[in-house]
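Participant: Construct the entire structure; sequences and hints are all you get.
Chain order of the listed sequences is A and B.
Residue numbering for the first sequence follows my numbering, starting at 1 and increasing by one per position.
Residue numbering for the second sequence follows my numbering, starting at 1 and increasing by one per position.
Honestly, the hints are just simulated from the structure, not real lab data.
Only a predicted model underlies this, so the values are computations on that prediction, with no experimental measurement involved.
It is possible that some hints are incorrect.
[Stated by the list, open to error] Listed below are the simulated DSBU-like cross-link pairs for lysine-lysine, each with C-alpha atoms no more than 30 Å apart in a straight line:
1. Lys65/A - Lys219/A
2. Lys209/A - Lys235/A
3. Lys157/B - Lys254/A
4. Lys12/A - Lys188/A
5. Lys135/A - Lys231/A
6. Lys182/A - Lys5/A
7. Lys260/B - Lys72/A
8. Lys65/A - Lys254/A
9. Lys5/A - Lys100/B
10. Lys260/B - Lys249/B
11. Lys135/A - Lys226/A
12. Lys5/A - Lys219/A
13. Lys157/B - Lys135/A
14. Lys12/A - Lys95/A
15. Lys186/A - Lys100/B
16. Lys191/B - Lys277/B
17. Lys191/B - Lys254/A
18. Lys182/A - Lys277/B
19. Lys191/B - Lys235/A
20. Lys191/B - Lys209/A
21. Lys191/B - Lys57/B
22. Lys273/B - Lys157/B
23. Lys273/B - Lys231/A
24. Lys100/B - Lys277/B
25. Lys13/A - Lys95/A
26. Lys191/B - Lys95/A
27. Lys287/B - Lys57/B
28. Lys254/A - Lys100/B
29. Lys95/A - Lys231/A
30. Lys277/B - Lys287/B
31. Lys182/A - Lys95/A
32. Lys186/A - Lys12/A
33. Lys5/A - Lys188/A
34. Lys135/A - Lys5/A
35. Lys13/A - Lys226/A
36. Lys287/B - Lys135/A
37. Lys100/B - Lys182/A
38. Lys209/A - Lys231/A
39. Lys188/A - Lys100/B
40. Lys287/B - Lys157/B
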Amino acid sequence: MEAYKRVALARKKSRPTGQDFIDNLFTDFIELHGDRCFGDDPAIITGLGLLLDMPVTVIAQERGKTTKSRIKRNFGSAHPEGYRKALRQMQLAEKFNRPIVCLIDTSGAFCGIGAEERGQGHAIAQNLMEMMGLKVPILSIIIGEGGSGGALALGVADEVWMLENAIYSVISPEGCASILWKDASKTKEAANCLKLTAQDLLELQVVDKIISENHRDFKNVYRELKIGLYKSFQKNQALEPDQLTQNRYQRFRKYGAIESRSE
Amino acid sequence: MLSKGLFKKPKNELEAQHRTKRKTDPVIPSELCRSCPSCKQLSFTSDLENNFHVCPKCGHHFRINARQRLNMIIDPDTFVEQHHELSSSNRLAFPGYDEKLEQATLFSHENEGVIIGTAKISDHKVALFVMEATFMMGSMGQVVGEKITLIFEYALKHRLPVIGYTVSGGARMQEGMLALMQMAKTSGAIKRHSDAGLLYLAILTDPTTGGVTASFAMEGDIILAEPEALIAFAGPRVIEQTIRQRLPKGFQRAEFLLEKGFVDAIVPRSIQKETIKRLLTLHGIPKGGDQNGSI
Chain A
1 MEAYKRVALA RKKSRPTGQD FIDNLFTDFI ELHGDRCFGD DPAIITGLGL LLDMPVTVIA
61 QERGKTTKSR IKRNFGSAHP EGYRKALRQM QLAEKFNRPI VCLIDTSGAF CGIGAEERGQ
121 GHAIAQNLME MMGLKVPILS IIIGEGGSGG ALALGVADEV WMLENAIYSV ISPEGCASIL
181 WKDASKTKEA ANCLKLTAQD LLELQVVDKI ISENHRDFKN VYRELKIGLY KSFQKNQALE
241 PDQLTQNRYQ RFRKYGAIES RSE
Chain B
1 MLSKGLFKKP KNELEAQHRT KRKTDPVIPS ELCRSCPSCK QLSFTSDLEN NFHVCPKCGH
61 HFRINARQRL NMIIDPDTFV EQHHELSSSN RLAFPGYDEK LEQATLFSHE NEGVIIGTAK
121 ISDHKVALFV MEATFMMGSM GQVVGEKITL IFEYALKHRL PVIGYTVSGG ARMQEGMLAL
181 MQMAKTSGAI KRHSDAGLLY LAILTDPTTG GVTASFAMEG DIILAEPEAL IAFAGPRVIE
241 QTIRQRLPKG FQRAEFLLEK GFVDAIVPRS IQKETIKRLL TLHGIPKGGD QNGSI
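Facilitator: This is how it looks when you write it as structure tokens:
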């Protein structure tokens, strides 16, 4: 399938959002709000829930479904307080030895005056650094759109999975076309060049697993995720914490490492 | 616009040059004067060079390349460069990227957008990275990410502080997700260096944006900035297009970040070496070791 078709599918309005995944993957979910510094960011939902019989910390980006909820959720584009809220929950997960599930679906971290004033770059950077050292298992799943740094800020994990029709990209194809070629009509070409589909990213080892989807019915997706998450957490919880963080470091260390370079 | 004072100085300078060079061919630098982008006043290139490439009239910091920067802060001839040979390849076969890399290499005289190595600053041993703006605007691809990771790993192994100068347009989109992954990779290396109790001093210069701001630029134990440097996650043009408003003057400049609490201090070039030296001393970084800065 052409890359741009995947982009359209990933952004489709009828596609399940973070909240749908929370409802279908976990039981007894309790949402916990706020970053304790500035406010609560509705673009990221954080809380606790049961994955079968295992308590887990859940962090999900939420785009919203209706116009009203999309505005409330800022279309899934988080401010720094959203990333700080996520980090606070992740640090609590470490304290209470709970695995962490991150559900990624955002066109990117928000670009605006408030976001810059409150240190969007700083908030993302802190998440990258701290997630690298958390001594509990982390699994990130790209469920829709994985938009650059705003997605990666929840994507430093032991394993990164991706739904079949999700995309994960360094820049939106629109942004790439307008910056590189000063021509917004080249969006489709840009989508191809950026290698943003699940299949491309599996080949580049940016993601570890593709969850196949039948996009009319997500039941199979939820079932596969539930079992997969549970097994992965069981496996990673058995590791020594130092081994776990060592594996996570090596997972990201490999990109562009000298040994793998062709010349 | 051309004031009286403008002609006074060049006259002397030229005369002086003329007198000494009369017997040989006259040597006139190709770029005798530069106009300051901030106050529009002309200054002699030689005056600028003697003044850390800072406008003597208004204090504007001209953009300079990585090696000029390095020579301003380290003890002479102490830099030992590492991994100079690393250069990028077009792994995603991105259209036009090969040509861009070739041009950037010719234009910048560097193999990639950052140089790394060890040196001495007032006899303190340090590891350094300095980004190069003339190489594709210091954008971060796999090689930039790898070199920064390598210097933090080296510094961890040899228990050295890292001094890092950033200038970058962000992640290099021609390398796709492999460029974005460098944000996580470098952050991991910094985390390890930090957990070992070692110092990382970041100095942000104009402009530091995008994926570099959202990773190693903002991960310093101490973050300094050059006066008026643009420091942003999303650049001003992107924000103006998103919110469709003009941004206030001084928005995302170093002074603005200082006010909002995201940088520790603004340090002009003229006192950078002294400031770094003082911070190294205050952190108990040892002096001495062999002459060439290697360990």
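Participant: For Lys182/A and Lys277/B, compute the direct alpha-carbon distance and say whether it is at most 30 Å.
Facilitator: Outside the cut-off at roughly 45 Å; violated.
Participant: Verify the proposed pairing of Lys191/B with Lys95/A, using a straight-line Cα cut of 30 Å.
Facilitator: Distance of about 19 Å is within 30 Å: holds.
Participant: Hint check: Lys209/A vs Lys235/A, CA-CA at most 30 Å. Holds or violated?
Facilitator: At roughly 16 Å apart (the allowed maximum being 30 Å), Lys235/A and Lys209/A satisfy the hint.
Participant: Does Lys157/B pair with Lys135/A here, judged by a C-alpha cut-off of 30 Å?
Facilitator: Cα-Cα ~23 Å, so holds.
Participant: Does Lys287/B sit within 30 Å of Lys277/B, going by the straight-line distance between their CA atoms?
Facilitator: holds (11 Å)
Participant: When you check the alpha-carbon spacing of Lys188/A and Lys100/B, does it fall within 30 Å?
Facilitator: With Cα atoms ~22 Å apart, Lys188/A and Lys100/B stay inside 30 Å; holds.
Participant: Check the hint pairing Lys273/B with Lys231/A against an upper bound of 30 Å on the C-alpha distance.
Facilitator: Given that 30 Å is the threshold and the Cα spacing comes to 54 Å, the pair is violated.
Participant: Take the C-alpha atoms of Lys65/A and Lys254/A, compute the straight-line distance between them, and say whether it is at most 30 Å.
Facilitator: violated (38 Å)
Participant: Given the hint that Lys100/B pairs with Lys277/B, test it: the Cα-Cα distance must not exceed 30 Å.
Facilitator: The given pair, whose Cα atoms are some 38 Å apart, is violated under the 30 Å limit.
Participant: With a cut-off of 30 Å on the C-alpha distance, tell me whether Lys260/B and Lys249/B pass.
Facilitator: Answer holds: Lys260/B to Lys249/B is near 15 Å, not above 30 Å.
Participant: Has the given pair, Lys186/A with Lys100/B, been kept, meaning a C-alpha gap of at most 30 Å?
Facilitator: With Cα atoms ~19 Å apart, Lys186/A and Lys100/B stay inside 30 Å; holds.
Participant: Would the pair Lys5/A and Lys219/A pass a check requiring their Cα atoms to be no farther apart than 30 Å?
Facilitator: holds (23 Å)
Hints 8, 14, 18, 21, 23, 24, 25, 27, 31, 34 and 36 from the list above are not met by this structure, while the remaining hints are.
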